[in-house]
Structures are given as structure tokens and as C-alpha cells.
Amino acid sequence: MVMALMLAGPTFAAIDTIAVDVGISVFKTMPIGIVPFEEESAIKWPSEAPHKILTRDANLSGRFEAVPSDRFDLVLFSKKRARQYVTGSASKLSNGKIKLDCYLYAAETKDVLLGESYTVKPYEVRQAVHSFFDKVVYRLFGERGVASTKLAYVSKIEGVKQVVISDYDGFSRKQITRDSSINMMPVWQKGNKGLVYVNFRNNRPSLYSIAFGGKETPIFTQFSQTFSPAVNPKTGELLFAVTDEGKTELYRGDMKKGTAQKFLHLKSNQVSPSWSPYASEVLFTSDRGGSPQVYAVGKDGTDVRRITYMGHYNERASWSPEGDRIVYTSMDDGKMNIYTCALDGTDIVQLTSNAGNNEHPSWSPDGKLIAFASDRGGNYQIYIMRKDGSGVTRITNGTENTSPTWSWYFDEKKKK
Amino acid sequence: MNKLLKWTLMIGAVGLFAWGCASKEQPETDPSPKTEADAPVDSTLNLEALIADTLSADSLARLEAERLEAERARLEELINQVMLDDVYFDYDRSELTENAKRLLAQVAEILVNENRFVVIIEGHTDARGTEDYNISLGARRSMAVREFLIAYGVDGKRLVPVSFGKERPKVLGADEAAYSKNRRAHFRVIIE
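Residue numbers (the numbering used here), protein chains in the order written: chain A, 1 to 416; chain B, 417 to 608.
Rather than coming from a laboratory, the hints here were simulated on the basis of the structure.
Treat each hint with caution, since some may be false.
[What the hints assert, rightly or not] Ranges between beta-carbon positions, derived for each pair:
| # | chain 1 | residue 1 | chain 2 | residue 2 | range |
| --- | --- | --- | --- | --- | --- |
| 1 | A | 193 | B | 584 | 27 to 37 angstroms |
| 2 | B | 500 | A | 158 | 26 to 36 angstroms |
| 3 | A | 193 | B | 532 | 38 to 48 angstroms |
Note that the structure is a prediction, hence the values are computed from the model and not measured.
Ideal Cβ positions, reconstructed from N, Cα and C, are used throughout, including at glycine.
Okay, chain B solo, but in the shape it has when bound (with noise of 0.2 angstroms):
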């Protein structure tokens, strides 16, 4: 768990510290230049091999970071669309609404398709009622959230229900408007 957390905390990372990689161990795993430089004969010409050479493992480089940064947008691209909707609740209720379930049968298809997700579902409620009620409330709706997504075939240890109650409104208010943006359930994607 702790160590699937930690992953969370660095999923922004992820692409950018794959890419660092690859271009910082270029220049490291070739020695040549320096040495190379040291010889007194025909250094024009070393020269240009050496930048030829260079050159193609550069673009190498260049090649292998484009890749991953394509991988890094399309799995980005994967998250933002599971993460940038939440599913939104009636009061004091944490049965799926229709407008949920259609939301959650497309977030379903991402992560039947890419195994590699694991979805913290949070489960949130508005600020109506005590702390201790909205925990178990909170649970239900993430809970509600979790046997939608395993019904629809998803791996369940891939889904992991959380409970936040009020204590994390994500829209401050004490109307109808922020209430019902609060009442939710909101994905975090972790990748394995």
C-alpha cells in the first residue's frame, strides 16, 4: 500500500524521469572524447568521426525519449481522462446515478485496457452532518463506485476504496453548488 502511494506522489515524474534518463546516460557511457582528444595525429578527422558518431547516438537518444515521451502523453492522456471527471452523488445517497454510471462505463474501458492502472477511489461527501457519519458515507459511495467498475469487468485489487467525508471539499460553499460538487467520488491513478 505505502509503496503504491509513493507512486502516486510521483506519477507526474514518471515521463519526465524516465526521459532525464535516457539523456544524461549518453554522455556518460562515452568516454571518447576526452581520451580521443589527448592524440596528437589527424585530430581533425577523429574529430568529425567522433561528432558523426555523436550525432547518431544522439538522435538515438533523441529517438528513445520521443518514444517515451509519446508513451508518457498517451498515458497522461489515459489519467487526466480517468481523474478529470468525478462521479457525482445525491444527497445523503451513495447509489449511482445514470449520468454516473455513463461516466464510469468509459473510465471502465480505460482500465480494462491498460492493466498497469491502479485507481484510488475517493469517496467524498458535502459539509451537511457530523464528521464520523460522512466517513461511513463516504466509504459507501466509493464502495458503490468500485462494484460498478468490477462488475464491469475490472480487476478489483486494482481498485482501492477510500473514504475522505467532508474533510476535503473540493468546492467551498455552503449552498446547493458547492454541496452537490462535493458529494463525489474522485479517481487518483496509480501506475504498478
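One chain only, chain A, in its complex shape (with noise of 0.2 angstroms):
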């Protein structure tokens, strides 16, 4: 993000419109202070200390600006415009529990604008820290925050693709599926009490439904192949797609009851549905102008319009949770880059480049972050980067990591 910060300097002089290039933030970042926990003793934290998980949840935010500091420094806090800062207390319980009492401080008067007390067993204390955060954005936009949300995506384990969830920041991994074949395209069910995802262990692609600790059910079995599944963000009903005598078509369907009837009737193949975000339209790519192209129809399956004109290969589109663009991917020369547009497909940016192939966006539930895999660093890894593809920030690492998909929301719990 530093380095965004420097680039935009000496760059924005030469621009007079916006045609936005790579990498320049366009986004107004808050500086925020951040001072280590007081230790009643010294805490033996099972991840990282809770300053540094609030340091790193405020890069990643699109937000905030971290101003990380040993103590309170009002000098340092003005120099670098934070406003308010952030710090707490931290002891040990004699059960093995941990009592974090975290602030939000007004820098000048040393207001306390938010407290909250926390008292959780270690491998907690990130989830703490994580919702504490999400107040703390709360408090200052009046948005909800990120930070306690998860990821889905597919991790190459000992040669197989599986399904795995962890933090959006890439920490508490949990592998989902253990099945020998191909899992992949996982996305959250409404509520995130399970996800939906691809499998191949029957030799063809097809949908399974599994809930978290429970089983992994097939689902739509009346088709022999299904996949690109997504989850209306209102009904949690699923369109996905279908192939059957080679054509490839989305249908709509009732995970409970299991039916589902086609969702277009067009000549062409259709993939990659994705619902706006109060499932009033679809976007889904076709191939019926002769090469994958993005669409948008109405609920109901009407009102087909064109999105993009721009090269030969737009595909999965992905509708803003703030409602006004899209992210989808686009290929040019074998390489795939990341872009969004507006809903009519114009104001076309480019989010990525120049940095190996990127893919498969999802974006954060505010609507401020992106999700994706990158082969950047030389094998695939999940990354964030903002909505205007500044402050890339890997959070996975080993084996191959692709497809990201953020979760929903997740609502509010009670706090202990």
C-alpha cells in the first residue's frame, strides 16, 4: 500500500482523466493509530499479539491506513493525520482464557469513542480481535467491516483440489472436503451455514451441498453434469449450470426440494450466472456473439442485454455488493487480467497487469475488496487487493490456492 501511496504522487499530475492505471489508490485512505496491548504478564499469543492483527486488518481493509506505534505518540499521530487510534489490555485468566479489553481512542482528548471487553480461549482471541475491528469501522463509516468474514476457495493437497474455508485474512485454515477426485467452484450458502461446490468423484462435474460438521449430499442429481453454481443473496436459491448433449444452459433451483427449471431459453451456451445483489438481475457469460461474453438479464429470465464489447474472452462477471460495477476476468494474449465496469459497460478499469495470469474475482460483502488467485509469484496464491486494484496483499502460501469466494455476512454473535 506504501508503495501505491508513492506511485500516486508523481503520477496523478500527468493524468487529467480518469483512465485509471494499475496500482494508483484512488480510493482516500484513513490513518488510524494502532499501540500494542498492555500485558498484566507477558502473553504468549498463539498467532500474532492484537495490535498486529488490528495493523494488518486495517491495511487490508481499503479503509484505514495503519499508523503503527511502540506507545501513544500524539506528535507521530498528527504528523501522519490519525485522528483516533486504537489499543486495549490483555491478562491471562487462571481458567486459560484471555481477557482483552479493547479501545478507540479520540488522539487529541483521548476520548474513549468505543470499548469493548472480550474474554476468549487463545485460538480466539483472532475472532476477537477481528469483530472488535468491525466496530471500530462501524464507529467511524457506520458500514460494517470485513474483517470477521471467511473465505471458500480450492487448495491442491497432496495433489487433489479440495475445498477450503479460512479467516478472509488467510489465517485458520480448514480443509471442507477430503475426497480423492477434483472439488472445486465452492461458494457460501446464504447464512454461511455450508457451501456448494463441485466434485468429480462420479468421473463428471457435479453440484454437492455440504453443511459445516455435518454431510456432503449431491444435489440436482436429476442432471448428469452441474456446475458454476451461485447462491441468491435474498433466497438462497441456486442457479447453476447444466450441460446436456454438449449444450451448457443455466437453470434455477430449490437445493431443498431439489427441482429446477431452465432459467434461459437462448440458443447459446450459458455460464458463470452471478445474482446483483438484491437479486433483482443475473449476470452470466454466453458465447452466443461467437466468444465468451458477459450478459445481464432480469430475474425472470428476460431482457437479455450485452455488458461487455472490449476483446474476445470477458468471463465470469461478478456484481458489486454496492450494486454499480462489475468485476469479471479478461483474456488477452493467453494471459487473464482482472477488470470491472459499469453496468452498461463502459468506464472499463483495469485492476491487474503486467503481474503473471489473474482470475476468478469475488468481492468482499462491502463491496470495497476484491478477492482472487494470482500465478504472480510463480505458483497460484490467493490475494486482496481494493476495489481499484491497489494495495495487493497475498494471504496464502504453499501449494497451489485458487478460486476464492468471500462469504455472506456473518451475524452478529453474542458476545461472552
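Join the two chains, each given in its own frame, into one complex according to the hints.
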């Protein structure tokens, strides 16, 4: 992010119109001071100390720029224009739990703007700190933050593609599938109760549903090949692609009843559905023009309109939760890159370039961030960037990680 | 469908299994050695007769085994012929090239004459592009192959198209040499 800001300095003067270049932040970020927690006696943190977690949350959020300091330092904070800072205190209880008192202060007056207390098991510290950070976002922006959200993605484990989930920042990873074929295309069910994904155990792509802590079940088994799932954010119903007689078409189905009807009656192939935030419209890809391009259609399957015209391969569009833009993957010269555009296809912005392949963008629930997969570092890993392409941060490592899908917001958990 | 797939896994073992049964069953169906050996008189004579008997049974079994072996080899040869070569496609295309049609004509000949074969036609793509689009592209490729074989006279019920998209590359690599090998339709044969 520092690099992005440095770039922004000299380059802005040269640009008249907002033909946005890659890596130039058009975000205004709010500096926020971050001071280590006071510890009654030294605590051995299971992953990171709370101020490190907060620093990462702040810098990933797309809203803040962390101004870390070893102690409260008004001179530093005012120089960096950090008008608020966060800190707290931590103590270890006799039952092994950790008590966290977290505060948001106004830097100059030292007024408490927000105070939250958490008593948690050591492995729940990250969750508690993320939860506090989201409250800071809400206090200062009046909007929900995404520090408590999660990602589902595909990880190659012992050579097999498996579906895993983790916190949005890549920590606390859990393996969800353990099948030895191929598992891919995970999406979150409504309410984050489980996932829908594609599995190849019968040597063909088939949709499965899995509830967290529960069993996996094949769904829509009346079709032989199913993939490309998209969950309706309002009703939970599923749009998905069905391949029959060589033709691939979209169906909408009720996962509980197992019933499904054809969604579109077009001669062309259709894949990659994506619902608009209020489920009033759907984006999809069709090859009706001879190459894959993004189209939009009403939720009743009428009024198809083409959105992308530039280039020969525009695919996997996904509608911003803020409602005003779409993000998609475009291929040029065999390289894939991520673009956004307005709903009428104008105002195209290239978010990634000159850094390997970049694909499978997925919006954060607040629409500020985009998770994606890139092989820029040699093998495929998951990255997060701001919606303008700045602040690219890798959040996974190890063997290949691909196809991130952001969860919905989690319902507020009761404070303990 | 499931049953068919199970058969696929067993395909390599089919011949061996049949051969194994033939040779194993022989001693079990012939209970004579032990009871005869208990008789005190003329044991040598009986033994000779017994050996002759067993030999002829053995040779029968051997003949049967050889016949099965030959049939198995013939089928395997045919299956190998079908599975040996893949049908290759141009980038982002599912139309059959002239080379593809020549190969498919040979495959079709075998399938028309060997109506026990059920063929899984796997459509694959190269690594470029999205997972979703590539599954639909693979589906179109498997379908193009299926339609050609049907037009040639193969019963469509014995031709099962599936798409693997870009998930199962034959050759790893990010250059045209690898891509061109991965844009393919691959056959797997199962015997009904």
C-alpha cells in the first residue's frame, strides 16, 4: 500500500482524465494509530499479538492506513493525521482464557469512542480482535466491516484439489472436502451455513452441498453434469450450469426440494451466473456472439443485454455488493486479468496487469475489496486488493490455492 | 451409470479375473485326490489314472484359459486402439479437424463391430481461460466427437460425453506444445 501511495504522488499530475492505471489508489484512506496492548503479564499469543492483527485488518480493509506506534505518540499521530487510535489491555485468566479490553480513542482528547471487552480461549483471540475491528469500522464509517468474514477457496492438498475455508486474512484455515477426485467452485450458502461446490467423484462435474460440521450431499442429481453455482443472496436458491447434449445452460433450483427449471431459453451456451445484490438481475457469460462475453438479464430470465464488447474473452462477471459495478476476468494474448466496468459496460478499469495470470475475482461483502487468484509469484495463490486494484496483498502460501469466494456477512455473535 | 463406472475400474482386471476363475475352480470341483488316496489297494494304478485324469482336466482348463486369454488380448488390443490416440482441437474451438475425423473414423469402425463397448468421451481444454467456460468448452468437444460417431453408425446410447474442462491436463506446461496436447477428447472404454 505504501508503494501505491508513493506511485500516486508523481503520476497524478500527468493524468487529466480518470483513465485509471493499475496500482494507483483512488481511495481515500483514513490514518489510524495502533498501539500494542498492555499485558499484565507477558502473554504467549497463539498467532499474533492483537495490535498486529489490527494493523493487518486496517491495511487490508481499504478504509484505513495503519499508523503503528510502540506507545501513544501524539506527535507521530498528528504528523500522520491519525485522529483516532486503537489499543487495549490483555490479561491471562486462571481458567486459561484471555481477557481483552479493546478501545478506540480520539487521539487528541483521549476520549473513549468505543470500548469492547472479550473473554476468549487463546485460539479465539483473532476472532475477537476481528470483531472489535469491525465495530471500529462501524463507529467511524457507519458501515459493516469485513474483518469477521471468511473465504472459501480451492487448495491443492497432496495433489488433489480440495475445498478449504479460512478467515478473510488467510488465517485459521480448515479443510472442508476430503474426497480424492477434484473439488472446485465453492460458494457460500445463504447465512454461511455451508458451501455448494463441484465434485468429480463420478468422473463428471456434479454439484454437492455441505453443511459445516455435516455431511456432503449430491444435489440436482436429475442432471448428469452440473457446475458454476451461484447462491441467490435473498432466497438462497441456486443458479447453476447444466450440460446436456453438449449444450450448457443455466437452471435455477431449490436446493431443499431438489427441483430445478431452465432459467434462460437461448440458443447459445451459458455459464457463470452471478446475482445482483438484491437478486433483481443476473449476470452470466454467453458465447452467442462467437466468443465468451458478459450479459445481464432480469431475474425472470427476460430482457437480455450484452455488457462487455471490448476483447474476445470476458468471463465470470460478478456484481458488486454496492450494486454499481461488475468485476470480471478478461483474457488477452493468453493472459488473464481482472477488470471492472459500469453496469452498461462503459468506464472499463483494468485492475491487474504485468503480473502473471489474475482471475476468479470475488467481492468482499462491503464491496470495498476483491479477492482473486494469481500466479504472479510462480504458483497460484490468493490475493486481496482494493476495488481500484491498489493494495494487493497475498494471503495464502504453500501449494496452489485458487478460486476464492468471499462469504456473506456473519450474523453478529453474542458477546461472551 | 454407476455400474458402468465400476466396470471401467475393473477393465484391466477383467481378463485376468476370468482366467483366475477357470484355473482355480478346477481343483475344487475335483474332490478325488484325497478320498482316493485313502484306499489301501492298487494305489499306484489309481494314482496313474488319477494323474491322467487330472492332466486332461488341466489341459482343458489350459485350453479354456488360453481361449479367454486370446479374447482378452483381442479386446485389449481394440480398447488400446480406441484409447491410444486423442482427438485434438484448435484453440477455443470444438469443430473437428480433418485429422480428428480420420482418427474418429477408425474408432467408429471398431465401435460399430464391437457392440459391447461403451465409450466415455472426455472433453478437455488447455489451461487458458476460466474453469467455468472451459467445462462448457470441453462439453462441446465431447459432443462434437459423439455426434461424429453417431453419424458413422455407432449407437448413441454407448457414447457417454463428459467434460473435465481444464482440470485434467495430459501435459503440464504453459506453452503451445503443452496446450495443443491438452485440447483434446479422450476415450475410456468399458465393457457391458
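Hint-by-hint comparison with the structure:
Restraint check, residue 193 of chain A to residue 584 of chain B: a C-beta distance of roughly 31 angstroms satisfies the suggested window 27 to 37 angstroms. Between residue 500 of chain B and residue 158 of chain A the CB atoms are about 30 angstroms apart, so this pair conforms to the stated range of 26 to 36 angstroms. Checked against the hint of 38 to 48 angstroms, the C-beta distance between residue 193 of chain A and residue 532 of chain B comes to roughly 47 angstroms, which is consistent with it.
This entry satisfies every hint, going by the numbered hints stated previously.
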